[in-house]
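Just so you know, the sequences run in chain order H and D.
For the first sequence, numbering that gives the first Met the number 0 begins at 0 and goes up steadily by one.
For the second sequence, numbering that gives the first Met the number 0 begins at 0 and goes up steadily by one.
None of these hints come from the bench; they were simulated from the model.
Don't take each hint at face value.
As the list claims (entries may be wrong) - With a straight-line cut-off of 27 Å between C-alpha atoms, the simulated DSS-like cross-links for lysine-lysine are:
hint, chain 1, residue 1, chain 2, residue 2
1, D, K85, D, K27
2, D, K41, D, K196
3, D, K147, D, K50
4, D, K98, H, K127
5, D, K150, H, K127
6, D, K155, D, K273
7, H, K215, D, K41
8, H, K329, D, K177
9, H, K246, D, K216
10, H, K246, H, K215
11, H, K246, D, K50
12, H, K329, D, K216
13, D, K41, D, K85
14, H, K246, D, K98
15, H, K246, D, K342
16, D, K85, D, K342
17, D, K50, H, K127
18, H, K246, D, K177
19, H, K246, D, K196
20, H, K127, D, K41
21, D, K147, D, K85
22, D, K41, D, K27
23, D, K273, D, K216
24, D, K273, D, K141
25, D, K147, D, K98
Said to hold, decoys possible - From the structure, some residues in chain D lie toward chain H, with a derived Cβ separation under 8 Å:
hint, residue
26, L154
27, Y221
28, A289
29, D293
Each residue gets a CB set at the ideal place from its N, CA and C atoms; glycine is no exception.
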Amino acid sequence: MWNYLLKRVALALVILFGVSALIYLLSMLMPADYIDNQTAAAVQMGAMTLEDVQRLKELYGLADKSLPGIAKSYLSWLTSALSGDLGYSFLYGRPVSDVLSQYIWISFMIAFISYLLEIAIGIPMGIKASVNQYSAYDYTVSVFAMMGTALPSFFLSALLMNVFAIRLGILPLQGLTTATKVFPPNAHFQILLDKAWHLVLPITVLTLLGVGGLMKFTRTNMLEVLNSDYIRTARAKGLSENVVTYKHAFRNTLIPLVTSLSGMLPGLFGGAMITETVFAIPGIGYMALRATQQGDIPFIMGYNMFLAILTVLGMLISDIMYMVVDPRVKLS
Amino acid sequence: MGLLDKWKNIKETEVEPGIDHTMYLTLKEERRISRENSRIIKQFEREKNRKNVPEEEYLTQMRDPNNVVEFDNLHTYFFTDVGTVKSVNGVTFDIPQGKVVGVVGESGCGKSVTSLSLMQLVQAPQGQIVAGSIRYQSRDGKCYEITKMPKDRMLKVRGKEIAMIFQEPMTSLNPVFKIGEQMDEVVLLHEEGATPKAARERSLEMLNLVGIADPQKVYNNYPHELSGGMRQRVMIAMALSCTPRLIIADEPTTALDVTIQAQILELLRDVKNKINGSIMLITHDLGVIAEMADYVVVMYAGRIIEKGTVREIFHNPKHPYTIGLMRSKPSGKTKDNRLYSIKGQVPNPINMPNHCYFYNRCDRAIGICAEEYPEMIQFTDTHSAACHLCRNGGFMDTNSTKEQR
Ligand SMILES: Nc1ncnc2c1ncn2[C@@H]1O[C@H](COP(=O)(O)OP(=O)(O)OP(=O)(O)O)[C@@H](O)[C@H]1O
Ligand code: SF4
Ligand SMILES: [Mg+2]
Chain H
0 MWNYLLKRVA LALVILFGVS ALIYLLSMLM PADYIDNQTA AAVQMGAMTL EDVQRLKELY
60 GLADKSLPGI AKSYLSWLTS ALSGDLGYSF LYGRPVSDVL SQYIWISFMI AFISYLLEIA
120 IGIPMGIKAS VNQYSAYDYT VSVFAMMGTA LPSFFLSALL MNVFAIRLGI LPLQGLTTAT
180 KVFPPNAHFQ ILLDKAWHLV LPITVLTLLG VGGLMKFTRT NMLEVLNSDY IRTARAKGLS
240 ENVVTYKHAF RNTLIPLVTS LSGMLPGLFG GAMITETVFA IPGIGYMALR ATQQGDIPFI
300 MGYNMFLAIL TVLGMLISDI MYMVVDPRVK LS
Chain D
0 MGLLDKWKNI KETEVEPGID HTMYLTLKEE RRISRENSRI IKQFEREKNR KNVPEEEYLT
60 QMRDPNNVVE FDNLHTYFFT DVGTVKSVNG VTFDIPQGKV VGVVGESGCG KSVTSLSLMQ
120 LVQAPQGQIV AGSIRYQSRD GKCYEITKMP KDRMLKVRGK EIAMIFQEPM TSLNPVFKIG
180 EQMDEVVLLH EEGATPKAAR ERSLEMLNLV GIADPQKVYN NYPHELSGGM RQRVMIAMAL
240 SCTPRLIIAD EPTTALDVTI QAQILELLRD VKNKINGSIM LITHDLGVIA EMADYVVVMY
300 AGRIIEKGTV REIFHNPKHP YTIGLMRSKP SGKTKDNRLY SIKGQVPNPI NMPNHCYFYN
360 RCDRAIGICA EEYPEMIQFT DTHSAACHLC RNGGFMDTNS TKEQR
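One chain only, chain H, in its complex shape:
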């Protein structure tokens, strides 16, 4: 098993390498780069000449868009990245790693709370739906789950904003703090409360988007387990339906659940690009979207590598958790 994990890590490194090259190439080939974006207005007004622009591009390392040129700049990015230096963000004017470490926490907060809510809501509902298969409860829950999964996040966000922030006015519309309020510097608790208040809607959106999938997943796995021979054995022993469901069946359903849920953990740091943007929450997803729109190559690279590493980590954690929860997988 450790061998297997080692192989997975080696494979992951190769994949990371490939991903980085591909993203670099694609971002370099974007039609308008960072300098074009920044100078377009000035050039149009005649305040800058094309030569100025070209000089700037050279300064930022964006001048040579031929393949060998890209390869060269990629290699220089790679060597510094390998030594831990992700470079300076064009847009934010700070080291990419600084920006990342500053903004992931708010994203993680939002994602982690909705993750917990999803678990607390989705799993019990999934179990109940599977136990009462084809009942009214099952159908209702399934329909809502499907709606939640199928709705685009911006639409759901807009809907909730419209209802709760604009019509009813009981929740803030956007942002992380109330701009019009001034807090005394030591009112930490009030500030925290104000922030939490702003996070209610984004967290609701993320929870609604995710809970359906988890519920379906639980339901499907429970149904499969409930139809297996050992459940019939458990019933034949005279165990009550509750013990059969929550001990014998759920303990087995826990295997795929724990495996996939633990694999999702690292991804919680990745940010929710669309939701954060709609709610103007300064999280990592929001920052990344802005950087991407502006062609901020160091940030795009840094962020995407960060995401890729999170994904790989998730896979590894999944594998390890699988060994932990399933006694059939041997740790040798």
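Following the hints, complete the assembly by docking chain D with the ligands onto the known chain H.
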């Protein structure tokens, strides 16, 4: 044979009379079936889920006090999306105290569903006992009507008074719990005042009883660490741990190889004597029946077509299907004792014909066979069969086979 005859022959075998192999449902029909099903199912489920049912409602009298279980005209149906599957369609037989009753029949004839009905374990909600009764004489001397027994009361019968051993030892144990935990559970559940320590001792004792050399080790194993034979021993040990009155063994040896099979059967017979219980032994294997059973019940397409003592069934079979089975039984010491396949197919369980179900495969059918379902005809106190040929107490001389009709 001319070409035309050949073609006719092919047609004959393809389109068997009275049998509807293909069923095409229109959307409308499907919806109607589905609506109808949920109505029926709801009705049955409501009845079963009642709480605080007074005991008098499910107390009954045995026909014969020597029996542990009496199936009486049992009907168990599955209400599926394509129609009603009449898996058990009027089954009547007894399981006497201390005896082994073998149930044989082709795959899909309803053997398992019969036994699951007795345990109230038919897959709900689509599977329901729709008619008939199952009387059970409990250890406390009372007789219960299983079909009317409320669910919570049934929990005290399952595993304690009636235990079950399944066909697939590989999948019948929960993969995530240790053997010990799964065994202790039964004792803790059913023995009043049992402590974990006492349960553990009982489990080890049972593992020892079923001939496991190192009970301590097996107790701490997970199921996947044991071989198929060992797991089946564990299943038997688990079934025995509350000294049940009746053990239902649903093809307990089918999944095992031949030498292990013999050991497991030996073991079953052994423990039956030790606990003085009865066994309902479901199998495909006539060799197993010959060795183990006192009585035999032969099922075909959800009904019993012949039953009797082992001697009667083996030496004096009456029903053409049973005769076919006996003839196909390998003589000598061939390893594979499974039923050979008699030519043709079992009728579609959704659209059963209203005549003898065996008609399309029977080589002795007579005119009336295509008209009505034969009644059970009694030959001795124990022996009876359902075949029109038996009406005069035995066979007519069968010159009039189907071809010559
Ligand atoms: N859950 C179910 N839903 C629908 N039909 C079912 C269900 N379980 C069993 N049946 C049907 O009931 C019939 C009898 O099944 P049963 O399992 O009793 O056969 P069996 O005699 O035990 O066969 P085998 O020797 O293969 O175990 C079959 O036609 C099967 O299709
Ligand atoms: S009743 Fe007729 S068709 Fe059925 S088994 Fe007897 S002889 Fe054959
Ligand atoms: Mg079966």
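Measure nothing beyond the straight line between the CA atoms of K215(H) and K41(D); if it is 27 Å or shorter, mark the hint as holding.
-> holds, 25 Å
Take a quick look at whether K246(H) and K342(D) sit within 27 Å of each other, Cα to Cα.
-> violated, 46 Å
Do the alpha carbons of K41(D) and K85(D) lie within 27 Å of each other, as the hint requires?
-> The given pair, whose Cα atoms are some 18 Å apart, holds under the 27 Å limit.
Tell me if D293(D) is really an interface residue toward chain H, meaning its C-beta lies closer than 8 Å to one of theirs.
-> violated, 24 Å
Verify the proposed pairing of K246(H) with K98(D), using a straight-line Cα cut of 27 Å.
-> violated, 36 Å
If you draw a straight line from the CA of K85(D) to the CA of K342(D), is it 27 Å or shorter?
-> holds, 22 Å
Hinted pair K147(D) and K85(D), Cα distance within 27 Å | holds, 20 Å
Take a quick look at whether K147(D) and K98(D) sit within 27 Å of each other, Cα to Cα.
-> Status holds; Cα separation ~26 Å.
Are K273(D) and K216(D) close enough, with their CA atoms no more than 27 Å apart?
-> Roughly 25 Å separates the two Cα atoms, so the pair holds.
If you draw a straight line from the CA of K329(H) to the CA of K216(D), is it 27 Å or shorter?
-> With Cα atoms ~18 Å apart, K329(H) and K216(D) stay inside 27 Å; holds.
Taking the closest Cβ pair, is L154(D) under 8 Å from chain H?
-> holds, 5 Å
Within 27 Å, alpha carbon to alpha carbon, are K85(D) and K27(D)?
-> holds, 22 Å
When held up to the earlier numbered hints, the structure conflicts with 2, 4, 14, 15, 28, 29 and fits the remainder.
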